[in-house]
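Engineer: Here is what each chain is made of, one letter per residue.
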Amino acid sequence: DQQVKQNSPSLSVQEGRISILNCDYTNSMFDYFLWYKKYPAEGPTFLISISSIKDKNEDGRFTVFLNKSAKHLSLHIVPSQPGDSAVYFCAAVYGGATNKLIFGTGTLLAVQP
Amino acid sequence: GAVVSQHPSWVICKSGTSVKIECRSLDFQATTMFWYRQFPKQSLMLMATSNEGSKATYEQGVEKDKFLINHASLTLSTLTVTSAHPEDSSFYICSARAGQGLTYEQYFGPGTRLTVT
Chain A
1 DQQVKQNSPS LSVQEGRISI LNCDYTNSMF DYFLWYKKYP AEGPTFLISI
51 SSIKDKNEDG RFTVFLNKSA KHLSLHIVPS QPGDSAVYFC AAVYGGATNK
101 LIFGTGTLLA VQP
Chain B
1001 GAVVSQHPSW VICKSGTSVK IECRSLDFQA TTMFWYRQFP KQSLMLMATS
1051 NEGSKATYEQ GVEKDKFLIN HASLTLSTLT VTSAHPEDSS FYICSARAGQ
1101 GLTYEQYFGP GTRLTVT
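Chains A and B, in that order, give the protein sequences. First residue of the first sequence: 1, per our numbering; consecutive thereafter. First residue of the second sequence: 1001, per our numbering; consecutive thereafter.
Only chain B is shown next, with the shape it has when bound in the complex (with noise of 0.2 Å):
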């Protein structure tokens, strides 16, 4: 149980597009979900938070109209990067987390790597 998956896994786009990647709950209600980001050997930066049915909370330097996020539905969240450019060329991981309160486990996803040409 516990599954996350993201779409797609991998994507290559030119400068000054826009890139839609989707992260779904498989088999469980996430009422959160996250998006994160990592650089090469780097931590997982949290970038923002996002819960069913509202607008995304932004971590603090995240442009919130360069990364729109859609929480549309319990098992679905789209990050939506606008105007790429290649600095924007990382793994994007989105995560989930069933329920509220104490339940603090997040279940990830596989990750997606954009290259931004």
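Isolated chain A, as found in the complex (with noise of 0.2 Å):
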């Protein structure tokens, strides 16, 4: 039962144009989103996040959406920089003692320069 999940394995886009990555997730008890950017044999690297009484939250190139009505959530990069090209995983929080986080699939966002 995938709880948190990235429809679009892979997304393409020119240098210098806006990168969109979305999520979906299923559990309206998550309060809290995360994104990560993870390279090839790396671990993750937190991107930016957003709590569930927030729509938006901006932090340089980077903004995060979140709709809540529609349980959907969506990362924005603008511009664009081939720098960027990575997997990107959003991650949503399951609250109590742990607060473990709950990842999605996964995009490999490519940008071409």
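By construction, these hints were calculated from the structure, which means they are not laboratory data. Hints are supplied without guarantee of correctness; some may be wrong.
[Stated by the list, open to error] Distance ranges between label pairs, derived from CB positions:
#1 A/Asp59 / B/Pro1008: 29 to 35 Å
#2 A/Ser51 / B/Ser1083: 42 to 48 Å
#3 B/Gly1016 / A/Ala110: 37 to 43 Å
#4 B/Pro1008 / A/Met29: 35 to 41 Å
#5 B/Pro1040 / A/Lys54: 33 to 39 Å
C-beta atoms are modelled at their ideal positions from N, C-alpha and C, and glycine is treated no differently.
Take each chain as given, in its own frame, and dock them per the hints.
Structural biologist: Laid out in structure tokens, this is it:
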């Protein structure tokens, strides 16, 4: 049962354009969401997060949007750069004492120069 | 800040032997550490959660007697794969979280590639 889904396994965009990565979730109890970037054979690197009480959070070129009614979040990268090419995972926090992360399946972003 | 290291970065072992993987938080104290496993082209699957000084909590389907986790200090957790078999070959990643409560962010180690022959 995949509670966090990224339906696009890959995405290709031109350098300088906007990259939009999407994520859907099924559990309405998730109360915090995070985006991670991952290169092959490396651990994920935290990018940006958003609380469920907000609908937008921005940090430099990265903006995350949350639509709770649709159980959907997206990550916008503007402008996209070749160095952004990586696998992007969204993750949702399942509350309680451990606050464990439930990861999506990942989207491979390729930014073409 | 918030650097997590793993050792070794890759290991090859023979079937039936045990392998220990270390995860260290280098510049912060990790009250909670997590162990994940990633198969090729798949998501990170949480294996277990460990808090310093207490027993690890394993996710459903993860054999606790096969994947031994020890969180001996606030900066070190170890994962031992006992009696490894080829199906245990995978990429193992640890993460650490500083503090409790609303601190949701986890900092990940670089991962360990285990190959069992």
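Engineer: Run through the hints listed earlier and report the numbers of any the structure violates, in increasing order.
Structural biologist: Failing hints: none at all.
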